[in-house]
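**Q** What follows is the residue order along each chain.
Number of protein chains: 2
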Amino acid sequence: MNSTKNLPGGVTAAVGFQAGTASAGIKYKMKRDIALIYSTVPAVAAGVFTTNRVKAAPVLVSMRRIAGGKAQAIVVNSGNANACNGEQGEQDALTMASTAAGALGISEEHVLVASTGVIGQKMPMGKVLPGILEAAGGMNPEGGAMAAEAIMTTDTVPKEAVRQIDVGGKKVTVGGMAKGSGMIHPNMATLLCFITTDAAISSACLNRALKHAVSNSFNLITVDRDTSTNDMAIVLANGIAGNPEIVGEGDDYLLFRDALTDVCISLAIDLARDGEGATKLIQVEVRNALTKEDARLAARAVAGSSLVKAAIFGRDANWGRVLCAAGYSGANFEPGQVDIFLGDEQVAQKGCSLEFSEERALDILDNDTVKVILDFNMGKSGATAWGCDLTYDYVRINGDYRT
Amino acid sequence: MNSTKNLPGGVTAAVGFQAGTASAGIKYKMKRDIALIYSTVPAVAAGVFTTNRVKAAPVLVSMRRIAGGKAQAIVVNSGNANACNGEQGEQDALTMASTAAGALGISEEHVLVASTGVIGQKMPMGKVLPGILEAAGGMNPEGGAMAAEAIMTTDTVPKEAVRQIDVGGKKVTVGGMAKGSGMIHPNMATLLCFITTDAAISSACLNRALKHAVSNSFNLITVDRDTSTNDMAIVLANGIAGNPEIVGEGDDYLLFRDALTDVCISLAIDLARDGEGATKLIQVEVRNALTKEDARLAARAVAGSSLVKAAIFGRDANWGRVLCAAGYSGANFEPGQVDIFLGDEQVAQKGCSLEFSEERALDILDNDTVKVILDFNMGKSGATAWGCDLTYDYVRINGDYRT
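Taken in order, these protein sequences are the chains called A and B. Mapping the first sequence onto numbering that gives the first Met the number 0, position 201 (from 1) lands on 200, and the numbers just tick up by one. Mapping the second sequence onto numbering that gives the first Met the number 0, position 373 (from 1) lands on 372, and the numbers just tick up by one.
Looking at chain A on its own, in the form it has when it is part of the complex (with noise of 0.2 Å):
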């Protein structure tokens, strides 16, 4: 897997997608905060949503819409969750997506919704509607990059990835955006995200492959442990690529899926790295489980540790509180035969302490990014999960969001 994201383009790369944006003074003044996506044609279309028991009403209007396997549009906005507005909150879920759906002349069923932001507020309608009537006036196939400001709340920088493969003959592109700083927690999806692809695909293949992508991505990713109301990665394929529709489990199905993965996995990576007042990115590795469910266990709850989070803002080798996190996440393991290394400086052995070089680690510890290995010597399943450090800002930030 490659993380670079080697292509620009992010959610209108592929083939007959577009995008629109708008400033509609949800977030506040002159800041982007509407996204509209739209395929030139109607797509396959998969998505994974929170598993929160309160969810946003864009949320439960998406669900119910993406049942129906198709979509033709997204519209997303930021600044505002709608989300804990009642019955409110879902009109105006669906008013949103006819008024996008009478601006691009498609099937009010096809167009999907998004929110991100405040929860407990009510929609400013009478922003909202005008500023999704200017992103529709605006589409165009080298919108991605606005798009991607534009769902961005305490996000610092922009998220996308593209990657692109060869089916069957065809070049079949696939890219996408999230967003996402605070209250990201593993637990199906995390965050939101819209991917993308130019692939012809079934709805059966295009599911499966979404869920495994998540799987090794998104859900490995922790910034504070909250899991959201309004997360979703939704991908949209319009089959436009030309290629041989995939349908089965083969090798098609594989290199669209593990592309797909890849996307994810940078994303994922991106916004981990620009967690709420992060300074740094964690890597945690389990090497040697038994099982990958203990590995993802492990290596989830040691990148979610509170105090593992501190003492790497902190630059403080305190591989103990490593070990410990280890310990009460459920994996199975024996403490006293796993060995940790920050970076490639070994810190402990057997589970206990080992001499180690206090300013090679201070090094390691000064770097972008953080890695941290444990590993279990027990078994062959492994898994990595990111997250970042605990700084002074996410408290500052959290502090006083909403005032």
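Simulated from the structure, these hints should not be mistaken for laboratory data.
Taking CB as the label site, the calculated pair distances span:
1) Lys28/A x Asn366/B: 28 to 36 Å
2) Ala66/B x Ser356/A: 38 to 46 Å
3) Glu108/A x Gln336/B: 28 to 36 Å
4) Ser97/A x Gly335/B: 19 to 27 Å
5) Thr39/A x Lys291/B: 52 to 60 Å
6) Lys379/B x Val246/A: 48 to 56 Å
7) Gln90/A x Leu6/B: 57 to 65 Å
8) Glu248/B x Asp343/A: 56 to 64 Å
9) Asn139/B x Arg395/A: 43 to 51 Å
10) Gln87/A x Thr290/B: 26 to 34 Å
11) Asn331/A x Lys379/B: 34 to 42 Å
12) Asn331/A x Asn139/B: 42 to 50 Å
Cβ atoms here follow ideal geometry from the backbone N, Cα and C, with glycine treated the same way.
For this one, chain A is given, so just place chain B on it according to the hints.
**A** This is chain B only, laid out in the frame that chain A set:
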């Protein structure tokens, strides 16, 4: 339940208990870091221990010994957790116990051991053993307060609580002390807690009462969702009060159980309020849930949410985060039925926003104790959990604890 500490004495309040302390230089110069608790006669003993798969050496030793049901002394050190030290760690824990036993002239098997502090550093036995001898030489029936001080790590204040009840015409005293400020999350036992009582009570009743008490106190507090490797709660009952032995589940048992629970709740609240970097105690009450477990799950999730904690630190009445945390807690409830209150100010009704006085909310958030109430409007069960706000100081404390 009355959570005021109306009696002095802590762990030496009950008749027949003494405590001694020493400043052995494990923590840092001139701070007490060894405590020895002693009963003049062997006592019935019960304990609960951390569920972390990584258990410190003193936890393993004390778990084995308490299975015998009797103990006469507990030796505790702060400054070093004696965790992740392998065979040597266990040997050191045993040597601590045998040194205490020798100095007190009691059976080695009747000495329990507890440690708290940094993980993964060898015990400085050259300092620890002279400290134990010094503590044993200064045993004192009024030593409770100094012992409470000796077990502190990042705690800013010692925690003690005492209750008295009348059992069969005899005055029975239950007194205890606890420490814990970070790495605190409800999971069986979440900290160090030592309770003594002069009650005459069977081993079975004492075990049952302790489980009830811990389940309703320490297991309902959270500071940072990190379950420590060293947690334990131990109660010693020496029978000197001379009450008719509590053996069944009658009124005397309930009276004793509730006094023990009350001591634990008082200590638990003190721990939550003194969470690392905390400026406020957060009390989360869930009312009218379908089951007690639903209420517990939701109350704990809200009290533990980094976003809720940061919002309360920032005096932001962001009730959406409260409902969001309940939503991912695993509790069964209908989001559209939930009423939310900050103190006595209702901020959400049936899961939707409500016009409320921001000024009044700000006043409530200015208090040392912030009460958050969720009414599920579904059943008749309730639970209360306690936590603290997330502040810059939490990050500062944990960014350079070890260095």
